[in-house]
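Put the complex together from the two separate chains, hints included.
Which chain is which? The protein sequence lines are F and L, in order. Each residue of the first sequence is one higher than the one before, counting from 1 in the numbering used here. Each residue of the second sequence is one higher than the one before, counting from 1 in the numbering used here.
Just to be clear, a hint being listed does not mean it is correct.
[What the hints assert, rightly or not] Heads up, simulated DMTMM-like pairs for lysine to aspartate or glutamate below, C-alpha to C-alpha not over 20 Å straight-line:
1) L/K36 x F/E3
2) F/K2 x L/E44
3) F/K67 x F/E5
4) L/K40 x F/D7
[As the list claims (entries may be wrong)] With beta-carbon atoms standing in for the labels, derived distance ranges:
5) F/G16 x L/R63: 19 to 27 Å
6) F/P112 x L/R9: 22 to 30 Å
7) L/N17 x F/G93: 32 to 40 Å
8) L/P69 x F/L46: 25 to 33 Å
9) L/E53 x F/L46: 20 to 28 Å
10) F/P14 x L/P69: 23 to 31 Å
11) L/N17 x F/G16: 43 to 51 Å
12) F/E57 x L/S65: 38 to 46 Å
13) L/T16 x F/P14: 47 to 55 Å
14) F/T109 x L/T7: 26 to 34 Å
Don't read these hints as lab results, they were simulated from the structure. Even glycine gets a Cβ: it sits at the ideal position worked out from N, Cα and C.
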Amino acid sequence: QKEVEQDPGPLSVPEGAIVSLNCTYSNSAFQYFMWYRQYSRKGPELLMYTYSSGNKEDGRFTAQVDKSSKYISLFIRDSQPSDSATYLCAMRGETSGSRLTFGEGTQLTVNP
Amino acid sequence: ETGVTQTPRHLVMGMTNKKSLKCEQHLGHNAMYWYKQSAKKPLELMFVYSLEERVENNSVPSRFSPECPNSSHLFLHLHTLQPEDSALYLCASSHQEGREETQYFGPGTRLLVL
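If we strip away everything but chain L, and leave its shape as in the complex, we get (with noise of 0.2 Å):
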């Protein structure tokens, strides 16, 4: 495998349900990043983590819970979600180092909330 993966590509659930969003980086990045992208809306940034640890938290529900056990791996755990989160997550990666620095996409989690 190679660059970013996400799993699983979509995601139905009920608002009670507990799911987890998995995201795993192969390019020996040290930042890993959760976006969400809805219809007609530019991609939201939800959270960052540098070096494992979280440095930006955007004003995200608590509903959404991230986790970072090591620099390639993120969760993005869910939990009593509403319609209104049915987007698509996407992880993102980066190598957090001088200035030319830019961010790798993952295809990204279909999620539908009913």
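Next comes chain F alone, as it looks inside the complex (with noise of 0.2 Å):
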């Protein structure tokens, strides 16, 4: 089994659209939780990143970890062509230094 579960798409939806992405682990020694875009030809970028359970908003976007599941979630609203981009999840453990793991990634391509 896969530490983490990332649903590959590709997703498809119209400009304006609120766009879901999610990702399950199965250790639960995960405790930061962070959503990277990655443009074609450019490397990842940090987008979101939060600590333990809870909601984190940054303008469109929000960030949710659901630890009792194992599942994050990152909503992005009144999705524009420009958040067209792969989106992978990552996530590592308490201490610093700990491996980051990281989800396949969801292309994501909005239409205008």
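What follows is the structure, given as structure tokens:
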């Protein structure tokens, strides 16, 4: 079983739609949860960073963590064509220097 | 230059060639990483350097040889690669202190082995 499962998509939505991206994980030691966005031919860039369970909002983006279900989500409101990218979830344990474990990434296309 | 830079951005090499990938970070971080990114697979961690010491070697074949001469520079020396080594090679850096450590990535080197 993979430590982190992420639906690879591809996901195609019309502009203005609400997008939900999800990851599930099996390692209960994970405490820090991240979402990276990767545009074509670029490296991943950090989008959202959360600790333990709860929600975090940043503009049109909301990250949710449910540790009891081992499930994390990224919501994008009012999606724009510029949001078209691959979204990677990543997570790690408590201690500094612990390894980041990534999902496969979900490819999102927002159509004008 | 800011952030994490990588050169070259694209590389085509034959199986008998020797080449090197270079990474430089301008963030004052104390840890650097090499990852391999292949289609439809999660990022694979290859090597970790913390304070210029290699702290992790993730069962990577010896045809990949990392070098970290100082905390700002990281190299990946390539020798007698195989076609299945074709991938995007990403460098990242972080500051390993405290709980809120995040990794910042470079743009990657797209490698094709013929």
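Taking the hints in turn, this is what the structure says about them:
For the hint linking L/K36 to F/E3, the alpha-carbon distance of about 18 Å falls within 20 Å, and the restraint holds. For the hint linking F/K2 to L/E44, the alpha-carbon distance of about 13 Å falls within 20 Å, and the restraint holds. Pair hint F/K67 plus F/E5 holds up; C-alpha atoms about 15 Å apart against a cutoff of 20 Å. A hinted pair counts as satisfied when its Cα atoms are at most 20 Å apart, and L/K40 with F/D7 qualifies at roughly 10 Å.
Our hint of 19 to 27 Å for F/G16 and L/R63 is violated, since their Cβ atoms are close to 49 Å apart. Taking 22 to 30 Å as the suggested C-beta distance range, the pair F/P112 and L/R9 conforms, at roughly 29 Å. Between L/N17 and F/G93 the C-beta distance comes to about 39 Å, which sits within the given range of 32 to 40 Å. Taking the beta carbon of each, L/P69 and F/L46 are about 27 Å apart, inside 25 to 33 Å as hinted.
Take L/E53 and F/L46: their Cβ atoms lie about 25 Å apart, and the range 20 to 28 Å holds. The hint said 23 to 31 Å for the Cβ distance between F/P14 and L/P69, and at roughly 50 Å that hint is violated. Take L/N17 and F/G16: their Cβ atoms lie about 49 Å apart, and the range 43 to 51 Å holds. The given range of 38 to 46 Å is respected by F/E57 and L/S65, whose C-beta atoms sit roughly 44 Å from each other.
Distance hint check for L/T16 and F/P14: the Cβ-Cβ separation is about 50 Å, which falls inside the suggested range of 47 to 55 Å. As the Cβ distance of F/T109 to L/T7 is approximately 30 Å, the hint placing it in 26 to 34 Å holds.
Hint compliance for this structure: hints 5 and 10 are not met, and every other hint is.
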